[in-house]
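*Asks:* Here's the letter readout for the chains.
Protein chains: 2
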Amino acid sequence: MDQFQYVNPTKLIFGKNQTAAIKDEAAQYGNKILLVYGGGSIKKSGLYDTVMEQLKAIPDAEIVELSGVEPNPRLSTVNKGIQLIRENNLEFILAVGGGSVIDCAKAIAAGVHYDGDVWDIVTGKAAPASAVPLGTVLTMAATGTEMNGNSVITNWEEKDKRAFSSIHTYPKFSVLDPQNTYTVPKDQTVYGIVDLMSHVFEQYFHASENAPLQERFGESILKTTIDVAPKLIKDLENYDYREVIMLNATFALNKVLTMGVKTDWATHMIEHAVSAVHDIPHGGGLAILFPRWMEFVAQTKPEKVAQLGIRVFDLNTEGKSLNDLAAETIQRVKEFWASIGAPENLSDYGIDSREIELMVERSMVGDTIGSYVPLNKDDVRTILVNSL
Amino acid sequence: MDQFQYVNPTKLIFGKNQTAAIKDEAAQYGNKILLVYGGGSIKKSGLYDTVMEQLKAIPDAEIVELSGVEPNPRLSTVNKGIQLIRENNLEFILAVGGGSVIDCAKAIAAGVHYDGDVWDIVTGKAAPASAVPLGTVLTMAATGTEMNGNSVITNWEEKDKRAFSSIHTYPKFSVLDPQNTYTVPKDQTVYGIVDLMSHVFEQYFHASENAPLQERFGESILKTTIDVAPKLIKDLENYDYREVIMLNATFALNKVLTMGVKTDWATHMIEHAVSAVHDIPHGGGLAILFPRWMEFVAQTKPEKVAQLGIRVFDLNTEGKSLNDLAAETIQRVKEFWASIGAPENLSDYGIDSREIELMVERSMVGDTIGSYVPLNKDDVRTILVNSL
Numbered sequence: 003m004d005q006f007q008y009v010n011p012t013k014l015i016f017g018k019n020q021t022a023a024i025k026d027e028a029a030q031y032g033n034k035i036l037l038v039y040g041g042g043s044i045k046k047s048g049l050y051d052t053v054m055e056q057l058k059a060i061p062d063a064e065i066v067e068l069s070g071v072e073p074n075p076r077l078s079t080v081n082k083g084i085q086l087i088r089e090n091n092l093e094f095i096l097a098v099g100g101g102s103v104i105d106c107a108k109a110i111a112a113g114v115h116y117d118g119d120v121w122d123i124v125t126g127k128a129a130p131a132s133a134v135p136l137g138t139v140l141t142m143a144a145t146g147t148e149m150n151g152n153s154v155i156t157n158w159e160e161k162d163k164r165a166f167s168s169i170h171t172y173p174k175f176s177v178l179d180p181q182n183t184y185t186v187p188k189d190q191t192v193y194g195i196v197d198l199m200s201h202v203f204e205q206y207f208h209a210s211e212n213a214p215l216q217e218r219f220g221e222s223i224l225k226t227t228i229d230v231a232p233k234l235i236k237d238l239e240n241y242d243y244r245e246v247i248m249l250n251a252t253f254a255l256n257k258v259l260t261m262g263v264k265t266d267w268a269t270h271m272i273e274h275a276v277s278a279v280h281d282i283p284h285g286g287g288l289a290i291l292f293p294r295w296m297e298f299v300a301q302t303k304p305e306k307v308a309q310l311g312i313r314v315f316d317l318n319t320e321g322k323s324l325n326d327l328a329a330e331t332i333q334r335v336k337e338f339w340a341s342i343g344a345p346e347n348l349s350d351y352g353i354d355s356r357e358i359e360l361m362v363e364r365s366m367v368g369d370t371i372g373s374y375v376p377l378n379k380d381d382v383r384t385i386l387v388n389s390l
Numbered sequence: 003m004d005q006f007q008y009v010n011p012t013k014l015i016f017g018k019n020q021t022a023a024i025k026d027e028a029a030q031y032g033n034k035i036l037l038v039y040g041g042g043s044i045k046k047s048g049l050y051d052t053v054m055e056q057l058k059a060i061p062d063a064e065i066v067e068l069s070g071v072e073p074n075p076r077l078s079t080v081n082k083g084i085q086l087i088r089e090n091n092l093e094f095i096l097a098v099g100g101g102s103v104i105d106c107a108k109a110i111a112a113g114v115h116y117d118g119d120v121w122d123i124v125t126g127k128a129a130p131a132s133a134v135p136l137g138t139v140l141t142m143a144a145t146g147t148e149m150n151g152n153s154v155i156t157n158w159e160e161k162d163k164r165a166f167s168s169i170h171t172y173p174k175f176s177v178l179d180p181q182n183t184y185t186v187p188k189d190q191t192v193y194g195i196v197d198l199m200s201h202v203f204e205q206y207f208h209a210s211e212n213a214p215l216q217e218r219f220g221e222s223i224l225k226t227t228i229d230v231a232p233k234l235i236k237d238l239e240n241y242d243y244r245e246v247i248m249l250n251a252t253f254a255l256n257k258v259l260t261m262g263v264k265t266d267w268a269t270h271m272i273e274h275a276v277s278a279v280h281d282i283p284h285g286g287g288l289a290i291l292f293p294r295w296m297e298f299v300a301q302t303k304p305e306k307v308a309q310l311g312i313r314v315f316d317l318n319t320e321g322k323s324l325n326d327l328a329a330e331t332i333q334r335v336k337e338f339w340a341s342i343g344a345p346e347n348l349s350d351y352g353i354d355s356r357e358i359e360l361m362v363e364r365s366m367v368g369d370t371i372g373s374y375v376p377l378n379k380d381d382v383r384t385i386l387v388n389s390l
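Residue numbers (this note's numbering), protein chains in the order written: chain A, 3 to 390; chain H, 3 to 390.
One chain only, chain A, in its complex shape (with noise of 0.2 Å):
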């Protein structure tokens, strides 16, 4: 292992109807609170309902609302939220939703403390020193938003989608009720299941030696999803399957898995890139890029793809090189996904080779990106040919 500090200070309210602790919590930082959401479908399935009720039970409460975040953040909703919250002197970011509506509270919250431009802290250029306190009631088993300080937010005039982190922008609490997942529909489910498998495969991929713990936690996730995930996808309101699925997707990010790990992440900028420039859903992006990333590496490092097939596909290693088990490993990965539904190829959206270049630029955040292989810009463009 590498050293490495490790804190979590978020507190995870899970289990059936634990909405009703958002009252309690949310008056520990305020009564003055922007709400923030999506598209309305919190309308629709009573949740908004629900958290109102527990918002204004708490004394002299003034609620603002944000409505209407988009699937993949904008920079000017970001914008919309900070202006709220300076106009109004609000005191706490309550967050409805899945990942973009998360994300998009966090660079609010990040970006009220901070004069300049919140696209600054998106890329990099400043760090947050401080954030507006915000909670979170989560719609979504995907991201992990709930219980980390990411945040990926995308500029569409510049066609950037970046993402940053601060231990400033986790949330003080996230409920995460399974059935409040239900109502999200089958492809959307699926792109979470993809989404949470490859945040364990960018840590297990990792550039640092002896980390046999933090790897058999990434099996443990990945075992358990593959059991569940199947049975999920026909059976959408089963609670105990919703359960599982929501736990492994907060514990694939809550950065356990990155404890004393150089950790490789090349996939998911190669995915923002290709998300950035043409609007797919990042979970479907995930699925059509990662094994072909997984064909890429096993090229010179065929060892852990050969250790996750044979710990996670219970793999027959009788007579089999690596590079046979490497690419046995890859096909079950492919298999598994095409089996719920996730796309297979970059054409399924209808994306041809046209944009390649900007795709391979937009990736390329230095001059090579990913730890366990490191990619250049020529390794970049062939697995994005490869994905086509």
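Some hints could be false.
Claimed, not checked - Taking lysine-lysine pairs in the DSS-like style, the calculated list, with each CA pair at most 27 Å apart, reads:
#, chain 1, residue 1, chain 2, residue 2
1, H, Lys264, A, Lys233
2, A, Lys306, H, Lys225
3, A, Lys264, H, Lys322
4, H, Lys174, A, Lys264
5, H, Lys174, A, Lys225
6, A, Lys306, H, Lys18
7, A, Lys127, A, Lys379
8, A, Lys322, H, Lys225
9, H, Lys188, H, Lys46
10, H, Lys257, A, Lys18
11, H, Lys264, A, Lys18
12, H, Lys257, A, Lys264
13, H, Lys46, A, Lys233
14, A, Lys257, H, Lys257
15, A, Lys257, H, Lys25
16, A, Lys306, H, Lys233
17, H, Lys264, A, Lys225
18, H, Lys233, H, Lys264
To be verified - Cβ pair distances, simulated, as ranges:
#, chain 1, residue 1, chain 2, residue 2, range
19, A, Thr370, H, Tyr241, 52 to 62 Å
20, A, Met54, H, Ser47, 50 to 60 Å
21, H, Asn19, A, Thr370, 26 to 36 Å
22, H, Tyr184, A, Ser47, 48 to 58 Å
23, A, Ser47, H, Asn19, 22 to 32 Å
24, H, Ala209, A, Ala129, 28 to 38 Å
25, A, Asp229, H, Asn90, 52 to 62 Å
What the hints contain is simulated information worked out from the structure, not anything from laboratory work. Remember, predicted model here, so these are calculated numbers, not experimental data. Even for Gly, the Cβ is constructed at its ideal location relative to N, Cα and C.
With chain A's structure known, arrange chain H on it following the hints.
*Replies:* Below, chain H without anything else, positioned relative to chain A:
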């Protein structure tokens, strides 16, 4: 899963020479510090000097020492520490040592803010509403106290050993440098390994449904420990082995495995009774008692014992009943612990049947103990007799 709340505010500072972080971390809580340690092994190893150098670098530092904390820390020592803090208006506690030193520091931290007898807190008659902030520098991988709110204290006048836990007694930070465990002798290293594995068992054998991730996380800790421990026992100053066992012990009881499940802890209650009456090492007691507890519960519930064996010891299941598999699992646990030099019977410590009734009585903190299979007095007596 059952509904749950999970938060763990402790900052882990892990790796080689991370003691250099103490000054800045401790200074956040004040400059009037109680330094708590044990029998002086930290003076021999040089760690005392390193820590003092850090603390003295805090501007206007005032350091009061409480040394000589016993292996099973005593109520009288806790009271001495409370008095030292009150007399000197100290603001922060730094505990440098293993589980006993840190547990003692936690009881002191909670006791200072409590008007009555601190034994009320240890026995659960009163709950701490706050505590003096504390940090730790861990010198032995075993109890996991470095990342939880637990404390075990012995009252020798009453031959009683009891545990409490509070959110207020989580360390603010814990410095984990595997090098600081190099001097832990072989027998203590073995006890630590037994202790951490037992912590996993206590949470793995829970009485709840649908917690596959928590179970696989537990299996991950067990499998990694079983792989590394025999190598460590032969090579006590190996950094790689020490670091894996250190992180494993922390995660075995930072309550991740406890999320959403009713844990057992009967074996710990019985062991606390045994070591309160006979002052034997906690890890030694657990190594003797746990296989007998497993044998007892497998009579009515062999499933989880069998699952443990299949997943952790890779048992071949062909043609075997659940009872066969459970028996084989227990045999493997016994063999593993014997192979690293753990004791196998209470008679190894010269304990015979004479004080069985006192131990049974001390074990029964309720009408029954444990959740996986609730045990009554007769059950506990059976387990103790089988352990002689």
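*Asks:* Against the structure, test the hints numbered earlier, and report the numbers of the ones violated in rising order.
*Replies:* Failing hints, ascending: 3, 5, 13, 18, 19, 23, 24.
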